[in-house]
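A.B. asks: Residues per chain, in single letters:
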Amino acid sequence: MPLSDAPAIDSAQAATAGATPASAAGAADGDHAVAVEVRGLVKRYDGRAVVDGLDLVARQGAVTAVLGPNGAGKTTTIECCEGLRSPDGGTVRVLGRDPVADARALRPRVGVMLQDGGLPTGVRALELLRHVAAMYASPRPVDELAERLGLHGFARTTVRRLSGGQRQRVALAAAVVGRPDVVFLDEPSAGMDPQSRRAVWDLVRELRADGVAIVLTTHLMDEAADLADHVHVVDHGKVIASGSVRELTDGGSGPGSVRIEATPGLDLTPLLTTLNTPLSAEAWVGSESEAGVYTLTGAVDPAALAVVTAWLAERGVLARSVSTGRRTLEDVFLDLTGRNLR
Amino acid sequence: MSSPRVAVRQARTPAETPAAAPALRRIAAQASFETRAILRNGEQLLVTIVLPVLVLVGLVRTSFLDLDTQGYTRIDFVTPGVLALAVMSTAFTSQAIATAFDRRNGVLRLMATTPLGRGGLLAGKVLGVLAVEVVQVIVIAGVAVALGWRPELGALPAVVGAGLLGTAAFTALALLLAGTLRAEGVLAVANLVLVLLTVGGGVLLPAEQLAGPLAHVAVLLPSGALGEAMRGALLHGSVPPFSVVILLGWTAALGAGAARLFRWH
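Protein chains in written order, with the working numbering: chain A, 1 to 342; chain B, 1001 to 1265.
Honestly, the hints are just simulated from the structure, not real lab data.
Heads up, the beta-carbon is just placed ideally off N, CA and C, and yes, glycines get one too.
Part of the chain B face toward chain A, derived, beta carbon under 8 Å:
(1) 1016
(2) 1019
(3) 1020
(4) 1040
(5) 1102
(6) 1105
(7) 1106
(8) 1110
(9) 1112
(10) 1114
(11) 1116
(12) 1117
Distance ranges between label pairs, derived from CB positions:
(13) 39/A - 1265/B: 22 to 30 Å
(14) 143/A - 1265/B: 28 to 36 Å
(15) 1248/B - 194/A: 56 to 64 Å
(16) 194/A - 1134/B: 43 to 51 Å
Counterexamples of contact, computed for chain A against chain B with all Cβ distances above 12 Å:
(17) 40
(18) 90
(19) 265
(20) 293
(21) 295
(22) 305
(23) 310
(24) 312
(25) 330
Full structure from sequences and hints, please.
C.D. replies: The structure is reproduced here in structure tokens:
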């Protein structure tokens, strides 16, 4: 990957990229046209602002994830992009057009998967897909799409009798059958078994490779981490953090961890004393979480790792594995939105 | 994960460029979809086909109701009212319930995001209602003919006109209910209103045969006007202008209400 390595050579560039992750992401994605642009979006229900000055950009050929707790305003934002709701303030542009005023021009180019599915319950699964396909001049071949998403196993079952995951797959098929340029998926993996989820992720990746802009909301951190090129964390109707998964997990000064697998029964006290002597702001803590597995938490840096390996060498212990863990997207998300139930 | 470097939208053949199907094809597809959904649903069939046929056979073959048939045979006198009832059951009760549950389940919103759009969805629903009504007329007329009904074929244009006027008024009422109440509420109200209008709304029997003040009220109701229109068409060969005015008035009022108050969410 020479392209991604290049900036590291030039220290000035690297510093810029590190200072403002958002602008760096913008530059990196510069060759992907903007497909969805939301600026200062405001939407009120009964006078209460559910979306309150939200900004969001999604590009062609990229997966953009909108992460946030329940009630953060994700679905309302997506529905404004789909033309299902009219904004009370701000602007929304999809493929350069207004989703409400230019609905007729946008509908053939925008695929939608609603959070509650929106599938009629009395019809058979494949019949429904054929019906949605009939709305387009040159839809994807229905049988091929059904094969991709494994719909043939329940093709003649009425939607009412499908499981949650099966319904989600039918809804996804309906969202992409018209060969859209932009796809909005509101919690696409909800209620899916791991096999279904894999099939859905594969299809999303294929759409991305074809240059489709995919905007998805999700609660699933691994979905966002594995799938998304760009993540917007939304809370209280605003985007509170934005960037690639790497940018989000690298940022902040949260503790890291070192995991050691070695012989059981080692005394960690001298190691922790050594680690805690420097001017470290946060104290290292550690324990033998299970026999022969040690977990240390603190400010992980190269020097700390050297201390750990030196400590092992002094004792003549060859570790089976030493691994460092950075913050996960879930850590970032919980740090940003709080750990309390609401 | 960084984004893979891909060409912004690979060159596509015209066949792969997203485009809507022609409007007429979209609406025809939706109408056919709606018609099949109604005709396949047991409860809907009960209300739209079985109920009118039972009423027809019951009123003609039994005499527990002492009818004043105004000099007509029983079957000639009753069949127009049963056709009016059939229009009400499909345009109003069946459509209100179907639309209310589609609204609750998000079907209206989903279809509105496809090239069909809201207008196409409405057009598809109205055509679906008319298609089901054609099936109803064939079944009911078939049973009536078997029971001895011999209508004037020249009355057909007037019957179609009366049916269209009634369909417009009752579809507007259906959408007003479906777009404002909860699905369970619509289920209850739509059935209850059908029963009340059938018994006391001047559909099956002329409004003037109803008891007391109901006789004066029923002629002003869409049910009474539709009943009179059907009887006028089949018994006298023309639709009374008063019924036309009443039905048009209800269509305008209910249609305006539905347009203003209908909520898609």
